[in-house]
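Trainee: Add chain Y to chain P, keeping to what the hints say.
So the sequences go chain by chain: P and Y. Per the working numbering, the very first residue in the first sequence carries number 88; after that it's consecutive. Per the working numbering, the very first residue in the second sequence carries number 4; after that it's consecutive.
Note that these hints are calculated values from the structure, not bench results. Positions of the beta carbon are idealized from the N, C-alpha and C atoms, including for glycine. Treat the hints with caution; some may be incorrect.
[To be verified] Pairwise CB distance ranges, derived in the manner of DEER restraints:
1. Y:V25 <-> P:A247: 42 to 48 Å
2. Y:E29 <-> P:A247: 43 to 49 Å
3. P:E253 <-> Y:D20: 29 to 35 Å
4. Y:D51 <-> P:N198: 32 to 38 Å
5. Y:D51 <-> P:E253: 37 to 43 Å
6. P:T278 <-> Y:L23: 31 to 37 Å
7. Y:D42 <-> P:A230: 23 to 29 Å
8. P:D232 <-> Y:E32: 45 to 51 Å
9. Y:K5 <-> P:H156: 18 to 24 Å
10. Y:V25 <-> P:D250: 45 to 51 Å
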Amino acid sequence: MTDLAERRGTETTVYQPAEDSGLLAEAAIAEATGRVLEVGTGSGWVAERIAEADADGDLEVVASDVNPHACEQARERGLEVVRASLLDPFRDGVFDTVAFNPPYLPTDPDNEWDDWMEAALSGGRTGRELIEPFLDDVGRVLAPDGRVLLLVSSLTGYEAVIDRVEAAGFAHEVVREESYPFETLSILRLTRR
Amino acid sequence: MKESLLDIICCPLDKHDLELEVEDREDGEVLEGTLTCTDCGETYPIEDGIPNLLPPDMREEAPA
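This is chain Y alone, in the form it adopts within the complex:
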């Protein structure tokens, strides 16, 4: 994801801002990192450049 995506995403639970922590960056894109809600503190992983913004109870790999 590009850092500019922060302008359009928010915490899926309470719609507050997310804070980005970058672990791996390449060509201006964040490949690995964590997004943390500035209000409720819930964390959302960024893996292979894709932020997973599902609420925690939907995060399992199910339904498959």
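Next comes chain P alone, as it looks inside the complex:
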């Protein structure tokens, strides 16, 4: 059983790059255009990969996180960083690409740690407590031809996420997929229907 205790390891403040980060970075390097926002950037590793892969200097990468320690680590990588709750402080229609590796592990509320690592990993009881408000608001900040790159784990309830994607007015395509012993990770590319 993959649970928070295993995922946490010994790190208690900032989520460090793992398989999910690698998969999102790979997809984002291939798919990102224009002005890019990485929501919940954690250590800033994915956003830095995107910026470094941009040899022509066509991209403008912005990273955000709710966790002040994550914001500091991301800034140390030379990124433009905003401390934010999801998409709240971003203007309408300004991003061509939004990438998000959400906290997605379903978590029993009686078994939470109340620290920053929990905020990085836990998606609440359903695993979708951050994914749902993200999907409901991301269309607002996206440019007309913009795309979203969203990491979805099988642990989070793939079908339930897809239902929400469709309800939010997006079409989806799986652009990366990897299976691990306890979960399958997919990167969805969402575009307006």
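Mentor: Frame of chain P; chain Y shown alone:
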């Protein structure tokens, strides 16, 4: 933060424009300062080059 970030950020409460007041600037970046909503007047600090645009009720260092 670079001043050009103002083109993409707004007040998290009401989405209105933010006005920048710079206290410390280095190499074209704002290191310390304040962002003030032009509508509701709420202020948001910029510390060590990072604007804190959490709504006031989320600004505490919690959950840790």
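Trainee: Give a verdict on every hint.
Mentor: Quick rundown of the hints versus the structure:
1. For Y:V25 and P:A247, the hinted distance range of 42 to 48 Å is satisfied, since their beta carbons lie about 46 Å from each other.
2. Hint check: Y:E29 to P:A247, Cβ distance near 47 Å, so the stated range 43 to 49 Å holds.
3. In this structure the supplied range 29 to 35 Å holds for P:E253 paired with Y:D20, their Cβ-Cβ distance being about 33 Å.
4. Taking the beta carbon of each, Y:D51 and P:N198 are about 34 Å apart, inside 32 to 38 Å as hinted.
5. About 41 Å separates the C-beta atoms of Y:D51 and P:E253, a value consistent with the hinted range of 37 to 43 Å.
6. A hinted range of 31 to 37 Å holds for the C-beta pair P:T278 and Y:L23, which are about 34 Å apart.
7. At roughly 24 Å, the beta carbons of Y:D42 and P:A230 sit within the given window of 23 to 29 Å.
8. One distance hint, 45 to 51 Å for the beta-carbon pair P:D232 and Y:E32, is violated here, with the actual separation near 30 Å.
9. Here the CB-CB span from Y:K5 to P:H156 is close to 22 Å, well matched to the stated 18 to 24 Å.
10. For the hinted restraint 45 to 51 Å between Y:V25 and P:D250, the CB-CB distance of approximately 46 Å keeps it satisfied.
The structure fails hint 8 only (numbered hints given earlier).
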